[in-house]
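Protein chains in written order, with UniProt numbering: chain A, 1 to 393; chain B, 1 to 741.
None of these hints come from the bench; they were simulated from the model.
Keep in mind that the hints are not guaranteed to be accurate.
[Said to hold, decoys possible] Label-pair ranges, simulated between beta-carbon atoms: (1) Ser155(B) with His86(A): 26 to 34 Å; (2) Asn360(A) with Arg567(B): 37 to 45 Å; (3) Gly172(A) with Ala28(B): 44 to 52 Å; (4) Ile25(B) with Ser55(A): 37 to 45 Å; (5) Gly110(A) with Glu174(B): 51 to 59 Å.
[What the hints assert, rightly or not] On the chain B side, residues computed to face chain A include the following (Cβ under 10 Å): (6) Asp42; (7) Ser246; (8) Val306; (9) Ile509; (10) Gly511.
[As the list claims (entries may be wrong)] If the Cβ cut is set under 8 Å, some of the chain A residues that face chain B in the computed set are: (11) Gln53; (12) Asp57; (13) Phe90; (14) Glu138; (15) Glu141; (16) Leu154; (17) Trp156; (18) Asp201; (19) Lys202; (20) Phe205; (21) Val252; (22) Arg295.
Quick reminder that beta carbons are idealized off the backbone N, C-alpha and C, glycines included.
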Amino acid sequence: MAFLWGRNRQRSALDLVRSSKELLLRLTKDDGQLQKTEEELARTLSVMKTTLQGSPDTDAQPEQVHQLVSTILSESLLPLLVSNMHRLPFEARKDTQTIVSNVFRFRNAGSTSNEPDALKEVLRLQPGIIVNLCMGYEKRESAGACGGILKEALKWDAVAAVILYDEPFPDGKTIDIYNDVDVSKKSSGNGVFWKFFDWIDKSSFEVSADAFDCFRVILTKHKQLVSQYINTNFDLFFDKYNNMLVKSESYVTKRQSLKLLGEVLLDRQFYEVMTRYVDSGDNLKLVMWQLRDERRMVQYEAFHVFKIFAANPNKSYEVQRFLVMNKQRLLKFLPRFLEDRTDDDQFNDEKAWLVKAIGNLPDSTSALQPPGAITPQTAGRSVQQQTGLAQVH
Amino acid sequence: MADDYQMLEELGSGSFGVVYRALHIPTAEYVAIKHIDLEGSDDDIREIQQEISLLATCNSPYVTSYRASFVRGTKLWIVMEYLGGGSCLDLLKPGPMEEKYIAVVMKELLQGLDYLHSTGKIHRDIKAANILLSDAGLVKIADFGVAAQLTNIKSQRLTFVGTPFWMAPEVIQEAGYDFHADIWSLGITAMEMAQGEPPRSDIHPMKVLFIIPKEHPPRLEGNRWTKEFKDFIALCLNKDPEKRPSAKMLLKHAFIKRAGRPDMLRELVLRARDFEQNGRAMDRDVRYYEETLKSMSSADEEDDWVFDTVRPSKNATRKAVNTAKHTVKRRKLQRIPSGNATNVENATAALEAMNLDAAPLGDITNASTTGTTRDMSTIRTPKPRIASSRKVSAITARKISIASPTSRRVSRNISSHAPPTRPVSAAHPASKQPLGPDMSFGNSTSTVRQFKRVSSGPKPTISPLQQPPQTTSSPIEDPSPFDSDAENRPPPVHPVVAPPSLPSTKEAILGRRAFTKALDPSFQETHASTSDQTKREALSHVAEAWSNLNAVDPEGELLLLKSMMDRIQADPKLASALLPARVVNAQLASLRGNRSPVKGGGKKSGSVVVMVAEETAEETDAEAMQTSTPTKGSNVRTSSTPQQSPSKPQAQQQSPGGARLVLNPQNPHLQRMRSGQQLSATTAEKDAKALSSPPPPPVMASLLDEKMPGRIEPGLEHVGLLGDVLFGRWAEGLRMRWPVA
């Protein structure tokens, strides 16, 4: 092994990339020398990392970086690295995360394109890498590193688009977002995006929390893209969201998904999604049940979704009916709802407002107009109040 | 997963939860398990998750190793390796360390730091309390509660975190810092071990924050120490981070080079253990883990929501409900008395129906948990405790009868050193306190205080001076039944139409607020500045008693406060001593009042009656300036903008003729202060208003005379109430400005 040490510094980019490819391939088959392979691979990757980002004491050399990045791309090292992430030894996983992130960040001098150059090339030629990064959530070992790369790369909407519009192709190809995407076409529900629901719902805490974090980034970073997508796939999306996340057995998932739901619905960019969501009586029911969850933070997050239903100036007949049917109960329930939150002014203001708004509802459902109709003055008042609410939020 | 562990005794409580020793049954290995109650805070779970992912990416013999984490109920369990030797701080209990031991600890610590730094992590809270030892004397870095992971090795951080005494100047100055910040803390830690306390530990931690960047860095002095050691510390404590050596370079320092092997430290561990056993044997009160049993009873059928269909899957059984049921339920609904919540029975019934009592935090509805979201500042187990280690033994906080999970979180920070400040995400609207001292009462002889500070991000979230503009004015138009005189009259006498919103609880809410905003912080502040042990104890008893009152009877608390404030206000000497801001305001008011003067008959105590035209909601704009710039309205104004929405409309409603009156003793020597005050534009505006307003009818004046000192006139109680609200805000504002001053 000693000879390797001596040469480390001088090894050429091509040498580095080729040998790590070789080692990665050897890693997949058990040839009895696993430990040796791992050690060697870890060392190679560590050198690569240092070349790309420098060390605390030395800066990276732009020339070397350029050379290494282009070799990594031309030799297609990334797909191998990503798909073998879980097999890598502990430190090598972190080094790999750094390597991939650095490649994704790489820009040629004077480049003016939107995405960094290397990432752009990946998106055009090998978008499967992004999908495979997501698949890293399948395994505990790879979740952290893959998630870390993804969350950083999601800064670019093209990355989010690859995840959203991914569809399994029989030939194993990944969709070309620059040419093949039809935003009005409904998703089959088999793309990698939909797997996030399972990862969040079914994984251990560490993986689930990380996957949720990534899911949140996808939903909130590129709102325009996502709101269009959710609009197209509204039923599928909320079927999964409601049933797998909001109704999740896991306290963490339930609480976080309610919180995210409240944030998304109150976002201007998601206006259309919001109006569709709060039209549904079933959604209202679900949220009202969460108000009665025995855990106060769940109650609290549910409150912030519930208020949107009540503030909606154009409540659907169904929603109005449910609210009216429960008017007295709500009026009894709300004043004492989380009443120890004395120092949360916004919450108390909104609660007081809700009580008032619900108090203004008719006492019996017979007073309601047939589906679709609303009284003009109700609409006017609520609009005003709703905008107030949105600002406060 | 949880079933694999057999929980044993409590080891201590850290910055974020209680730590227990446990046996991992499959491997028969001891582990330490940290329980974090996720219900306990509004904080995003992401923060905790970050700590875990940071730990999970550490793999070094010099860093406490992470095993697993999972959620059970609302608690997050983090399983870590168990280190039986206690913390370095525990080793200091018998007395400061000898240099040879310090060298060993430093050497091991530097290797740990080198590892962390090479993987892009900054610990940001290096101090003796966060350095753990195994039984064999191995040294490990622990508590990554505020550590940072850099995505780019060259990037810098800005967040203001750490524990004051150990914080590097560049961290305090928030000018961007990197790994070198840990090296500073390391130097301070070395001094801490040599002297038993970090330098400047006699100074209040908030004051230290100014001193560190301003003054020369501390140095180790005296003949007891070798030149190498002093030099080592001087290198670490260089105010210019660029000139501070890296961990790797320090490992080559002569002081480190001649350090012995870590098993030397076993002697220290034994010494600490002996000390512990001999000194504290009597105080042993081992606390064992106990499962919180909660009945997960589902909500009472009777009062569940009514949708004519089925329940959500959460209440597992999906019942087929026919349309008939719908009607039946509707009829029941109508029997329920309408939502006039002043009806206590109704309220109770509603509460029972809501089944909040059955919730995991059994005492949600009970006042005592006001603090779940703010326990960073609330005293909850004020019981004096003996300074103790993270050892099994010395935790004396006895079980509290309502031992809910939350109440247990309280006995934090056994080791009596401050847990670090956490980075605070600016997005959180509530529940974060800007600068609240944070400590358990009387639990230590140490002078270290805990406190947290809001990150200097775009906007400090909750500066009390920046309360969002009153949005309430529109929602609550109805006068709220905020009347402190309630106890004197039967409720029905109040013709006040209670809105269906939170009526009879308003006082309770204010009472709670007074406690959390004013009383509790003042207790903590006073406690913090009291050094005498007996005095501290006495004080913590009062604090405990008061927190009991707050728990049991917030209304009573408010009334008590009110009457205290009234009496103080009524006595000119006390008023000028205790309520200077108010007096100044009053002074200003009276001066201005002189222009449209109404001397209150001048009979008693020279009080001045100021009459002001109706002040409306627009004033809230000026509210932000209220504490800093005394505006004319003084108490009058205050009363109209008590910041806590509901009382405002009330105040207006109570004074007939749309004008309000205030009595205040004139205090001539305060006049001098007036020149220093600025009068804002709004003030000028209001001056004009005041001028144009008609003088008050004489009747009014004589009315006022009747109720001079000690007399409480029905209808004017709000003055006292608002007085304490104001006082609370004043105290809070003071705390806010402290670090910035």
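Going through the hints against the structure:
Between serine 155(B) and histidine 86(A) the C-beta distance comes to about 28 Å, which sits within the given range of 26 to 34 Å. For asparagine 360(A) paired with arginine 567(B), a C-beta distance near 43 Å keeps the hint of 37 to 45 Å intact. Taking the beta carbon of each, glycine 172(A) and alanine 28(B) are about 47 Å apart, inside 44 to 52 Å as hinted. For isoleucine 25(B) paired with serine 55(A), a C-beta distance near 43 Å keeps the hint of 37 to 45 Å intact.
For the pair glycine 110(A) and glutamate 174(B), the beta carbons lie near 34 Å from each other, so the given range of 51 to 59 Å is not met. Annotation: aspartate 42(B) was flagged as interfacial toward chain A, and the flag holds, the nearest CB pair being 7 Å apart, inside 10 Å. At a threshold of 10 Å, the smallest CB-CB gap from serine 246(B) to chain A is about 6 Å, leaving the interface hint in force. Interface hint at valine 306(B): satisfied, since its Cβ lies 5 Å from the closest Cβ of chain A, which is below the 10 Å cut-off.
The criterion of a C-beta within 10 Å of any C-beta in chain A is met by isoleucine 509(B), whose closest approach is roughly 5 Å, and the hint holds. Annotation: glycine 511(B) was flagged as interfacial toward chain A, and the flag holds, the nearest CB pair being 9 Å apart, inside 10 Å. Here the hint on glutamine 53(A) is kept, as its CB sits about 5 Å from the closest CB of chain B, short of 8 Å. At about 7 Å, the closest approach between the beta carbon of aspartate 57(A) and any beta carbon in chain B falls short of 8 Å, and the interface hint on this residue holds.
For phenylalanine 90(A), the shortest C-beta to C-beta distance to chain B is roughly 5 Å, which falls under 8 Å, so the interface hint holds. A hinted interface residue such as glutamate 138(A) counts as satisfied when its beta carbon comes closer than 8 Å to some beta carbon of chain B; here the least separation is about 17 Å, so the hint is violated. Of the supplied interface hints, the one on glutamate 141(A) is violated, with its beta-carbon coming no nearer than about 10 Å to a beta-carbon of chain B, more than 8 Å. A distance limit of 8 Å between C-beta atoms decides the matter here; for leucine 154(A) the minimum to chain B is near 13 Å, and the interface restraint is violated.
With 8 Å as the threshold, the beta carbon of tryptophan 156(A) stays out of range of chain B, its nearest partner Cβ sitting at about 15 Å, so the hint is violated. Checking aspartate 201(A) against chain B: minimum C-beta separation of about 13 Å lies over 8 Å; hint violated. Hint status for lysine 202(A): violated, given a least beta-carbon distance of 13 Å to chain B, over 8 Å. Interface restraint check: phenylalanine 205(A) against chain B, minimum CB-CB distance 5 Å, threshold 8 Å, status holds.
Because the closest C-beta pair between valine 252(A) and chain B is about 5 Å apart, less than 8 Å, the hint holds. For the restraint placing arginine 295(A) at the interface with chain B, the shortest Cβ-Cβ distance is roughly 6 Å, inside the 8 Å limit, so the hint holds.
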